[in-house]
Every structure is written in C-alpha cells, then in structure tokens.
Amino acid sequence: MTASLNAPAPEPVKAVSRVELAFTRLKKIPSAYIAFWVVCLICLLAILSAFGVPLSPYSFDQATDDLLVAPSLKHIMGTDELGRDLFARVIYGSRLSIAIGFVTAGVAFILGTTYGAISGYCGGKVDTLLMRGVDIAYSLPDLLVMILVGVLVGKGTFGILFALGLVSWMGTARLVRAQLLQLKEEEFVEAARAAGQDGFSIVMKHLLPNAMGPIIVALTFTVPSAILSESTLSFIGLGLSAPECSWGTLASDGWRSLRSYPHLLGFPSLFIFLTVLSFNCLGDGLRDVLDPRTRLFKG
Amino acid sequence: MLALLIKRMLTAIPVLLVVATLTFFLMRLVPGGPFDADKNLPPAIVANLNAKYQLDKPVAQQYVTYLSRVVRGDLGISYKYLNRTVRDILGEAMPVSIQLGFTALVLAVLIGVPLGTIAAVNRGSWIDVTAMFLSTAGISVPGFVIGAFLIFIFGVWLKVLPVALWETPWHMVLPSLTLAFSPAAYLARLTRASVLEVLEKDWVRTARSKGLSRWATVMKHTLRNALVPVVTVLGPLTAILITGSFVVEYLYAIPGMGRFFVTAVTNRDYDLIMGTTLVFAALLIVTNAIVDVAYQILDPRMKVEG
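Protein sequences appear in the order of chains A and B.
Note that the numbering used here has the first sequence beginning at 906, numbered continuously upward.
Note that the numbering used here has the second sequence beginning at 22, numbered continuously upward.
Because the hints were derived from the structure by calculation, they are not lab data.
All values derive from a computational prediction rather than experimental measurement.
One or more hints might be untrue.
Claimed, not checked - Quick list of in silico lysine to aspartate or glutamate cross-link-like pairs, DMTMM-like style, CA-CA up to 25 Å:
(1) A:K1089 with A:D1103
(2) B:K73 with B:D95
(3) A:K1110 with A:E1090
(4) B:K73 with B:D109
(5) A:K1110 with A:E1091
(6) A:K933 with B:D149
(7) B:K231 with B:E221
(8) A:K932 with B:D149
(9) A:K1110 with A:D1032
(10) B:K241 with B:E221
(11) A:K933 with B:E218
(12) B:K241 with B:D223
(13) A:K1030 with A:E1090
(14) B:K28 with A:D1040
(15) A:K1089 with A:D1040
(16) A:K1030 with A:D1040
(17) B:K180 with A:D1158
(18) B:K28 with A:D1032
Starting from the given sequences, assemble the full structure and let the hints guide the process.
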C-alpha cells in the first residue's frame, strides 16, 4: 500500500486512460475500494427503489397487528406505528437522501466552478472582489444560513436544496480559483493563447480539465456533508417532514419513541452512517489518487 | 498585536452590517409575519399589532429604524415571548451556549489532538489504523445519533446521568460529549496529517540524531509547529460548536441560543432572529481574532494581515 504511487506501471506499452489509472490505484487502498462498492450498492438501491420496493413503504395491513414490532424474519427492521415495514421505508428514503446529496454536489460544482473560474482566470481586482464575497459567505455558520434560508424559502425539498446549495459552493469556488491561478501561468496556456484561442475555451479546454482531480475530491466530500445536513435539519424539524420520506425524517420520527422502540431510530441512523462513512472513505482514497498535492505515500 | 486587534475590530463593523442587511431583507422578502400563527385574529387586531410594532411601515424605513436602534444598543423586543426584550432573552441564553460550546471545544481538543499525535507517531501500525478508522467514523455520524445513543445508554439504560435541562454540572456531561464528538474526530485527522508532515522536516531528523527519544522529539520539536493548522481551524470550529449546539440544545432541551434561534425563525420573531444572528456573527469575529493572536504566539514568523 505504501508503494502504490511509485510502483512502475504494469503495462508500459498500453496507453491507460486517466480514469482507468485512477481506478487501478484506488484498488490498492482497501478502505476506499470497499467504500466505492458500498456507495455503488446504496446508489443502486436508491435508483431501484424508484421502480417499487417489495413491501410497500406506504401500505399497512391493520389485520396483521404488526404494529411497532421489533425486527424479525418477516420485517427485518421491524415496523412503525402504522405497521409500515421499516426496511421498505429506509430503502424508499434513500432515494431522497442520496438525491439531495448528489444534487447539492451538482449545484456546488456548477456554481463553485463558474465563480472560481471567473475569479481565478480574470485575477486582479475582479478576483479580490469575488473572493471578498466568498470570505463573507464563509464567515456565516452553515447551519445558521441553512435554517434561515431553508425555513424562509419554504420547508419542502426545494427549500432544503436551495439552502444546501447556498452553503456548499464556496469551498469549490476557492479550490477552482486557487488551481486556475496556478495553472494559467503554465506554458501550455500560453501556447493555446498564441494559437488564437479565446479565454472561454482556454478555461474550458485547458484549465478546468487539469483541475478536475481536486474538484472531484471536493465534490465527493460534498455529498456526505449534504446528506448529514439534510438529516440534521429534518431531525430538528426544520428540513423535510411527512409525507416526505428521507433518512432524516425517519430518524426524526424514531427519536420520539426512542425509549420503547429504538429500532425506529437505529436503522435509519445506521444507513446514514454507512453511506456517509463510505463517501468519506472514498473521498480520502480519491484524494490520495487524484490530488497530486497531498502525498500520503512517501516512499 | 494591539494594532492587529484594533484592525480586526474595525473590519468587524462592515461584516456585521452586511450580515444585518442580508438577514433583515431576507426575512422580510418571504411571506408570513410574526402574528400569522395566532388563532384567527380579526384583521383589525392584526393591523393594530403591526402598527404598534411599526411593521406597517415600508421595509426600507423599518431597516433604518432598526439599525439606528441597534447602534444605540437596543435590540428590540420579542413578538412571541411576552414582555421580554431580545437583550433579556439573549442575556440568559448566551452564557448557556458559550458554556456548552467552550466545554465541548476543550473536550474536542483534549481528545482529538493526542489521538492524532499518537496515530501519526505510530504511523502504519494497528494503533494508527484503529485511530483513523474511529475518527473517520466519528465525522460520519450525525450529532443526533450520538446524542440518542448516549441518552439511551446513560440515561435510559444505566440511569446515571440526567438527559435534559441545564442545571447541575452533571447536566453538562452528555451534551458536551455529544457536541465534542465529531470535532474531536476531525481534529484527530487534522493533527495526524500535520504531525506527519512536520516529522519529515530536517530539524526533527537532527533532533533524533542528537539522541533524543521519539516522544521527546514529538513533544519538543514537532507539536508546536504541527499545531498551527489545528489552531487555524479552531475559529471555524468554534462556529461549528456554537451552531452545532442547535441540535444538542434540541436533543437535551437546553435553553441556549440555538433553541431560541430555531423557534424565532419558525415564528418569524423578527427582532429575535436579528439579535441572535448578530450575536452569532459577533462571536465568530471575536473567536477569529483570538485565533489570529494565538497564531502569532505559536509562530512568530507568521505575519497576519488583517
């Protein structure tokens, strides 16, 4: 594991794409490689749940008297106070939680990259002004902004996405800006400019592709933090609420009956934890693989 | 150093102004007012209430009135807590939140920094792997899960610690632990990375070759330098701890600022929202200034520009 970066490429003749290379390196970090597959599995579950789950998360059969039962063979995670199968609800809830994570990362990517690219490429006064803006946005605590914005825009999915997007682009913007400031002094940029390319295509074709590694790493950490923020907001009653179903709302419902029915809080929490942990491990691994600035593998 | 502090305090004024302006207009932009939730008030009474609190005036005028009041130290009154000024409420809630946040900060540093240092010194061993797994897991658990877990074990099962309110020192144990958990994990990761980097430096090798033991090298020649990034995050971390207390205050029913802020936002209790936000922002600025000073003490080469 310590020699992975210094190991000679196994097939020097064959051209390897950057993605392939990154994947080969990722395989050598066990925690990140396992995390990668866990993330894939959870995302797959979330996507498949859109086509229906075996036991409906909404249907409940009053005749069976399966209300609030503890985990058993029939209901592997037990049932809630209406007799709904908790496993079905957790799988169903993954859709919203995972979607919120990815959409937030998408917003952070688009907003942050655009903002950072303008700031870094233009430099000078534009840069100073734009970065002062980021400083001010950064100086406000995330949760404060999210509560304020989320509640004021409206509870629901849109409100929470708006709030999460608003607090998560600054990191990406700073990162992209720093990368571009450094990259734009390189010779290939000068060559591109001499060849007559305009600023826009230099940024799109030459600068951003070279900055992609660190950006991907940053986005990998945005997903879990968005999932955590959503569940936290929903938990204190300021995020999503019934009939919407995410891991946060499930945990929030479970909290009220913690003493008698701990499984109602336990299982949604376990899924939040596993997902966030996997994304964090994957992010750590990707950073070692993609980000040349961090060198954890000193020979 | 005094110049730095003065400069910091001067830059705080525009930041506070921006924060106040943004919050004020954001609050007013959205539908709903402080008296909506009351039971079917006749329109005439709502109009009278709005007139009493000057909410019927144009927003720009209200903004100017508000600012001129704040400058004179009058934070206004709560629309929801009868006959209580915002200053009273914050005066009671702020010490609670600061106490909670500070205890958690101390706990987080006392747990995180040693854990990260031990992991770095024993790099690659099972100690390192365990410590890093624990801390990655630590930053992956939502605060409310930790809280619920602790409440379940110590409050419900063992029945040894109180799980709600804020009265005796015993009431502080579970909330501070809950709040300190993920910052401690974060600090451990950061300290480890930072110590590893410093351990590669020439002077560390010199110290080792002089015959100093491994731990003596770490304590005398490494930690001081390695702690600079740690101190840097203490500012933002304090922010996380004070705002993180929203969840903890909710879980443990603690009458701190977070709780008042959450209810104020839901109630559209305008002056209370403004007051809490401004106090939060001011606290942040103060902690960041303290961090800058600490910076210079740790590393005199560092020239901080205001």
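Right, here's what the structure says about each hint:
1. A:K1089 with A:D1103: holds, 13 Å
2. B:K73 with B:D95: holds, 17 Å
3. A:K1110 with A:E1090: holds, 15 Å
4. B:K73 with B:D109: holds, 21 Å
5. A:K1110 with A:E1091: Roughly 14 Å separates the two Cα atoms, so the pair holds.
6. A:K933 with B:D149: holds, 18 Å
7. B:K231 with B:E221: Holds, at about 16 Å.
8. A:K932 with B:D149: Satisfied, since the Cα-Cα distance of roughly 21 Å is no more than 25 Å.
9. A:K1110 with A:D1032: holds, 21 Å
10. B:K241 with B:E221: holds, 15 Å
11. A:K933 with B:E218: holds, 23 Å
12. B:K241 with B:D223: This hinted pair holds, its Cα atoms lying about 14 Å apart.
13. A:K1030 with A:E1090: holds, 18 Å
14. B:K28 with A:D1040: The given pair, whose Cα atoms are some 17 Å apart, holds under the 25 Å limit.
15. A:K1089 with A:D1040: Given pair K1089 of chain A, D1040 of chain A holds - Cα atoms ~23 Å apart, limit 25 Å.
16. A:K1030 with A:D1040: holds, 15 Å
17. B:K180 with A:D1158: holds, 24 Å
18. B:K28 with A:D1032: Answer holds: K28 of chain B to D1032 of chain A is near 23 Å, not above 25 Å.
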